[in-house]
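Asks: Sequence order for the protein chains is C and V. Here numbering that gives the first Met the number 0 is used: position 41 in the first sequence is 40, and no number is missing along the way. Here numbering that gives the first Met the number 0 is used: position 231 in the second sequence is 230, and no number is missing along the way.
It is worth saying that the hints were derived from the structure and are not from the lab. The structure displayed is predicted, hence computed values, not measured ones. Each residue gets a CB set at the ideal place from its N, CA and C atoms; glycine is no exception. Just so you know, not all the hints are guaranteed correct.
Derived lysine-lysine pairs resembling DSS-like cross-links, with alpha carbons at most 30 Å apart [to be verified]:
1. C:K122 x C:K135
2. C:K90 x C:K61
3. V:K46 x C:K90
4. V:K12 x C:K122
5. C:K90 x C:K122
6. C:K135 x V:K12
Restraint-style ranges between C-beta atoms, simulated for each label pair [claimed, not checked]:
7. V:T18 x C:D289: 44 to 54 Å
8. V:S49 x C:P105: 52 to 62 Å
9. C:E89 x V:L114: 17 to 27 Å
10. V:L237 x C:Q16: 26 to 36 Å
11. C:E112 x V:I139: 44 to 54 Å
12. V:F3 x C:G58: 45 to 55 Å
13. C:G58 x V:A21: 49 to 59 Å
14. V:L114 x C:D197: 51 to 61 Å
15. V:T162 x C:R54: 22 to 32 Å
16. C:R129 x V:R240: 33 to 43 Å
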Amino acid sequence: MTAVIEVSGLTKRYGGQAVVDDISFHVEAGEIFGLLGPNGAGKTTAVECMEGLRRRDGGQVKILGLDPRDDRHRLHQRIGVQLQESQLQEKLKVREALELYASFYPDPADWHELLGRWGLTGKADTRFARLSGGQKQRLFIALALIGNPEVVFLDELTSGLDPGARHATWDLIAQVRDSGVTVVLVSHFMDEVEELCDRVAILERGRIAALDTPAGLVDRAGGEYRVRFRPVAPLDEQSLTALPGVTAISRHDRQVTVTGIGDFASAVTAELARRQVLVADLRIEGRSLDSAYVALTGRTMET
Amino acid sequence: MNGFSRLAFTETKLFLRETGAAIGVFGLPVALVIGFGLIPGFGDPQKSLSGQAGTQYIASISVAIVLAVLGLTGVPMVIGQYRERGILRRLGVTPVRPLTLLLADLMVWAAAAILSVALVIGVGRLAYHVPAPRAAGWFIGSLVLGIAALFALGLVVAAAAPTARSSAGLGWLLFFPNMFLAGVYFPTEEMSPVMRQLGNFTPLGSALHSVRDSWMGLAPRPEYLGIMAAYAVIAGALAARFFRWQQA
Chain C
0 MTAVIEVSGL TKRYGGQAVV DDISFHVEAG EIFGLLGPNG AGKTTAVECM
50 EGLRRRDGGQ VKILGLDPRD DRHRLHQRIG VQLQESQLQE KLKVREALEL
100 YASFYPDPAD WHELLGRWGL TGKADTRFAR LSGGQKQRLF IALALIGNPE
150 VVFLDELTSG LDPGARHATW DLIAQVRDSG VTVVLVSHFM DEVEELCDRV
200 AILERGRIAA LDTPAGLVDR AGGEYRVRFR PVAPLDEQSL TALPGVTAIS
250 RHDRQVTVTG IGDFASAVTA ELARRQVLVA DLRIEGRSLD SAYVALTGRT
300 MET
Chain V
0 MNGFSRLAFT ETKLFLRETG AAIGVFGLPV ALVIGFGLIP GFGDPQKSLS
50 GQAGTQYIAS ISVAIVLAVL GLTGVPMVIG QYRERGILRR LGVTPVRPLT
100 LLLADLMVWA AAAILSVALV IGVGRLAYHV PAPRAAGWFI GSLVLGIAAL
150 FALGLVVAAA APTARSSAGL GWLLFFPNMF LAGVYFPTEE MSPVMRQLGN
200 FTPLGSALHS VRDSWMGLAP RPEYLGIMAA YAVIAGALAA RFFRWQQA
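So that you can see chain C by itself, here it is in the shape it has in the complex:
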């Protein structure tokens, strides 16, 4: 794997206050890399320094081997960007926007195809002001991809999209990654990051609080979680207490709850299989990026 993005010691200050404070990470080719954190954590400022939209105050940034400060023009030919808050000319039609942005790039994508993929074919002759929030958002994603970029930066990808459209968008972004494009995703949605990202940096007050795969973050956060099931045949629960990782067992009516740490769930299911005990309603609870986030940062996203 080769790193297409290398960030080391990136710092950006406003009025003496470091909004992005000495962050370092790298992104490999073909990865979806997430920057997760609450509003004001510095995510957008960090990517805007990477995109060449803001000048950094310190550190090094290399995107595709190019410095966004010195090689803006060459860099912008090879990256695509969806900005968090942006509009187009009110009376600009969807078709015209795509034709216009296609003309900026040396090797643009076929905009008809992008229009179809992002569900905007019927809107080609609609003016920007008449699009719904979701359609505008999809248009901006299409514009980010129009130049056939090697790296795309997507800032709050699914804001303004309804739940159905969010899942459809995730599928499409996964396809973009599968076609070899590296994706940097700025988000404050746990589910989005957990679903899409290969690796995630959690940003908090301008610093990286944790950086790992979503599963790795969950593991690192540790903590107990629960396996619940209803045995179909009689079961001596005490036989499960000796299993590695199991910390407690309780029974309520016919439902058994096993609490533990680490990979105890596999041990429990293996033991049940060995004893030939069939179970119903098997559930594993309490292991999500959500709870890991709270464990790692000591706060919820809202604060």
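Please build the complex by placing chain V on the supplied structure of chain C, with the hints as guidance.
Replies: The following block gives chain V in isolation, referenced to the frame of chain C:
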């Protein structure tokens, strides 16, 4: 098409979609020439207009209106909006610079101004046999300097104003005194010497004087050309120095 020509092409289409702009830039000036031409004897030299034919005077007024509408209302309003809506910012992450859009727009608006002036000359000639500007070279020079001066002033407004609303509002605030002092509402011949002197120092006033003079075949007074050039250079430099590409 490359980025610049595609931008200019797209912005031309957007300009033509604005009904208000089409009326202000093309409709109103032509309507003035046609309307005032209907007054009997208006084509004769008028004593109250320093001997200029009424039709020629109105045609010159129309040129001034085109410059003021575009420079003081169009430029600040559109650029203020493009900044506030993040359109300039979005271009900042493409191989094309936001400056390219600004240049394309200025080119489109300058072309609209020239086209409208050509329309005024053509309609006046066809309808009332108003002669085309006799000192053609001076006329073209005055028009170019007038465009430069008023567009530069509009750019300063866009640079100084923090929001799209204030940019458009500030533009209108300059529009009316400029129109008034330049002698668009009533001829400078009827103004007090102080007002006339004040009007000479406005970019629109010096533009209107130069256009009227060159229409009659005279060389415009050098101070008029100098004032327009000064506005173009000073306002242009201020705009370049203080323009912000994104809303704070």
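Asks: Could you grab the alpha-carbon distance between V:K12 and C:K122 and see if it respects the 30 Å cut-off?
Replies: 18 Å, holds
Asks: Tell me if the beta carbons of V:L237 and C:Q16 are separated by a distance inside 26 to 36 Å.
Replies: Given about 30 Å between the Cβ atoms, the range holds.
Asks: Taking the CB of V:T162 and the CB of C:R54, does the distance hold inside 22 to 32 Å?
Replies: 24 Å, holds
Asks: Would the pair V:K46 and C:K90 pass a check requiring their Cα atoms to be no farther apart than 30 Å?
Replies: 48 Å, violated
Asks: Can you let me know if the beta-carbon spacing of V:S49 and C:P105 is within 52 to 62 Å?
Replies: At roughly 59 Å between Cβ atoms, C:P105 and V:S49 fall inside 52 to 62 Å, so the hint holds.
Asks: Run the distance test for C:K90 versus C:K122: straight-line Cα separation, threshold 30 Å.
Replies: 13 Å, holds
Asks: Please test the hint of 44 to 54 Å on the beta carbon pair from C:E112 and V:I139.
Replies: 48 Å, holds
Asks: The hint says 51 to 61 Å between V:L114 and C:D197; measuring C-beta to C-beta, is that right?
Replies: The hinted range 51 to 61 Å holds for V:L114 and C:D197, with Cβ atoms some 55 Å apart.
Asks: With respect to the beta-carbon atoms only, verify the hint that V:T18 and C:D289 lie 44 to 54 Å apart.
Replies: Between V:T18 and C:D289, where Cβ atoms are some 52 Å apart, the hint holds.
Asks: Given the hint of 33 to 43 Å, check if C:R129 and V:R240 actually sit that far apart at their C-beta atoms.
Replies: Given a distance of about 38 Å, which is inside 33 to 43 Å, the answer is holds.
Asks: Starting from C:K90, check that the Cα of C:K61 is at most 30 Å away, please.
Replies: Status violated; Cα separation ~37 Å.
Asks: Regarding the pair C:K122 and C:K135, is the alpha-carbon distance no greater than 30 Å?
Replies: 11 Å, holds
Violated hints for the displayed structure, listed by number in ascending order: 2, 3 and 12.
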